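Asker: Each chain is listed here by its residues.
There are 2 protein chains.
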Amino acid sequence: MKNDKITSKDVDFAKWYTDIVTAAKLVSYSEVKGCNIILPNGYAIWEEMQKGLDKSFKSTGHKNVYMPLLIPESLLNKESELVSGFAPEVAWVTHGGDKELEEKLCIRPTSETLFSDYYSKVVKSYRDLPLKYNQWCNVLRWEKETRPFLRGREFLWQEGHTVHENSIEAEKETRDILEIYKKFFTDYLAIPVITGRKTEKEKFAGAEYTLTVEALMYNGVCLQSATSHYFGQKFSKSYDIKFLNRENNYEYAYQTSWGTTTRMIGAVIMVHADDLGLVLPPNIAPTKVCIIPIGTDEKVSSVTTTISEKLAKENISYMVDDSDKTPGFKFAESEVNGIPVRIEIGKRDLENNTITMVRRDTLEHISVSLDEDIMALINKLLLDIQRNLYNKAKSRMESMTFEAKTIEDFKNIINTQPGFIKSSWCGKRECEDKIKEINGIKSRCILENEELTSSKCPVCGEEAKEEVVWGIQY
Amino acid sequence: MKNDKITSKDVDFAKWYTDIVTAAKLVSYSEVKGCNIILPNGYAIWEEMQKGLDKSFKSTGHKNVYMPLLIPESLLNKESELVSGFAPEVAWVTHGGDKELEEKLCIRPTSETLFSDYYSKVVKSYRDLPLKYNQWCNVLRWEKETRPFLRGREFLWQEGHTVHENSIEAEKETRDILEIYKKFFTDYLAIPVITGRKTEKEKFAGAEYTLTVEALMYNGVCLQSATSHYFGQKFSKSYDIKFLNRENNYEYAYQTSWGTTTRMIGAVIMVHADDLGLVLPPNIAPTKVCIIPIGTDEKVSSVTTTISEKLAKENISYMVDDSDKTPGFKFAESEVNGIPVRIEIGKRDLENNTITMVRRDTLEHISVSLDEDIMALINKLLLDIQRNLYNKAKSRMESMTFEAKTIEDFKNIINTQPGFIKSSWCGKRECEDKIKEINGIKSRCILENEELTSSKCPVCGEEAKEEVVWGIQY
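First to last, the sequence lines map onto chains A and B.
Going by our numbering, the first residue of the first sequence is number 1, and it counts up by one from there.
Going by our numbering, the first residue of the second sequence is number 1, and it counts up by one from there.
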């Protein structure tokens, strides 16, 4: 049944996206551009994401902290590359109460400066290392273009910041975190990703290198979904984080930082949702099952109660929609909200000793006898849905991954069907810039241990050294 | 064993407090006054507090959301009482990037304005009500005096904001939340509290009335620890939150708000900690048991492993300190960190088939045979400690609760031993002001269903109408 509040995604993808965000009550707009209200349906998904990632961070020895919101201008200025990267987009606090401040304070766009300043005070010896801290917080970036979840002036994220006694350990951390993100996208969000290293042009300001998780949206546009940066000694030199190493010499420490944001909610929408609304992978669905009793029959309520109690006992999150809306309205609402499994309990079905289960991913209706093991079926269904969503997204990503050996190839692909474009590259910035000129394609990442598509750079024709994925980005 | 980094609480309570905060690694200072870094040990306690309260809020039908950090000046100005209460202490953002903003934006000191603005857009009918939202976030208040956890320019808190179709329901919400807070203080934080209504002078700007949870610190100073406000229709009139009621008439909605902050960590310190460090009630201790193996004997490691595995299986949080520090250092550290139970596993004890358990609250050493049910003993010990901490704090509070019938009584109490001072009151603002003149004593709350201490107001001598608790406040 078509939802008339949602534009078809094949007609107008951008409109479809904002329709979903509104219809599923994920976000509402506030009076300040780019600073959105995250509504209960949206925030509950974020809480599931936090739970999943936080567990992985903690089980690998990371600890949560909270750094201040405000950064003095002088502290921010210590790391010149970071400043030039962020200065145009920070918000400045100039007054406290009715007094002008002696030094203006910026609202954190990210917290490298604060962590580094703190580390410079407490790291004295290799015995103090490693320090592996993370924080969940809000950040602000004064973006011109904004879109719910994808690009906001204020957004929520986690940012990990670690210090190590040598580069081997710090680089291992950078990679371990990339793996945590990749696993989270695959196993929780049911989103297949590619990972690799950003080019010098696209890396984080101030990093030695940036590793990235890149996902492909339904419309072929790429989304940078999580990043893990290796800083080497760049920040430690700017912020004077020195320690006595095992050889009893002073040495600058080795750092990393890594983060992911509420943007992940945008990715889940643009990979899985359809024209009826959200489609949530069971592993991050705040409500996994929606029970809709049809009518007020006594048998209907008793079966509803029995199944509810079993779900509660099995720790499967569920809701019962016993409001006075029509069944049709309730069905549509559970679909808009993307709840993985709907159970319809009606008098007529019960006469045949059955209930109906509906999968959100395929909309398949399954008639189930009450004599069956309902909980086993639900658990199997949730697993199936999770797996099916991943497989569907993976096939789509594969079918939208192209190879380009020439500039002409790039143009043809972009003009017919955007996606991930694999191409070999000589490594020169000029050639990267040139490819960007073509329809705004940016490099997504340099693939590792990957065969070259071609022996020559498609721009300059010189020897290709690296295999790179390119694409249009959000 | 005295900790030489901690001043004795009976010598200099203020110094003792900051020593504890530093020695237990709860907080570190940042470059911006009043904006502190919450370190892993501090943040882990906050996470336990969040978990406990969040569960209570959700189980009573509240949903989490996220409102923006920034409030346009014009929106803030809509509620005049709120503005006059907060204007002197908000921080203003005037620039985004290098451009001056058209309208300056304040960093939220609290979010009534944002919630009310949102509610005005979505509340149309009594069918939309109630809306019971909460958020966990950071807020900023440009305070002059700041102290870690007790008063900060930036702090973390939760703020609940609800809308109802009538005053009965909204007032019930105000009281239900007060009960949730009270229960949390009693059952989790092991802190006895008094609750009641704030006077007109002390209530929240813009509220019809404010209910409050007040706790008494070790030194007799009072701490306002959580508040629950009934707004009636005050905000709904300023922000135009109108709905069609059951009689099909337009009516302004009824609202509440309520909050508590990281200040609770300050309360836990000032009620339970001693000269050796923190003392954490087991119900909010991030780590409940610290195992210290003494020496490298094989039997020592095997018993350590056995007990660790049992704790993990029972879901009791624990740590094993197998670092190369001396046992004495480790004992002291577990004491500074306030871990409720310490288990010392040493070769000599094991020769007698025993281990030693040490309670953090009483420092009592208990020799335990390995033949006993160790897990049952630990569980019992954790319960005992929780109960003992509450009972100790309760006796102290009772012994520091005084009655004043005259102005002289007030003076004597304050000069000898501050605490909660119960006194009857005529209800007039002038008399309240007069009592404040005496050593800065403020009213804490008006007690409900309480017998009057005296039939006359101690200031004016007129008929007393209410029983009020007074005290020095943080």
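A few of these clues could be false.
Covered by chain B, according to a simulated footprint, are these stretches of chain A (three or more residues, beta-carbon under 8 Å) [what the hints assert, rightly or not]:
#, segment
1, 32-40
2, 56-70
3, 117-123
4, 331-345
If you're looking for bench data, these hints aren't it; they were derived computationally from the structure.
From a predicted model like this one, the values you see are computed outputs, not experimental measurements.
Just so you know, even glycine gets a beta-carbon here, dropped at the ideal spot from N, CA and C.
Asker: Decide, hint by hint, whether the structure agrees.
Answerer: Tested hints:
| no. | hint | in the structure |
| --- | --- | --- |
| 1 | 32-40 | holds (count 7) |
| 2 | 56-70 | holds (count 8) |
| 3 | 117-123 | holds (count 4) |
| 4 | 331-345 | violated (count 0) |
In summary, the one numbered hint that this structure violates is 4.
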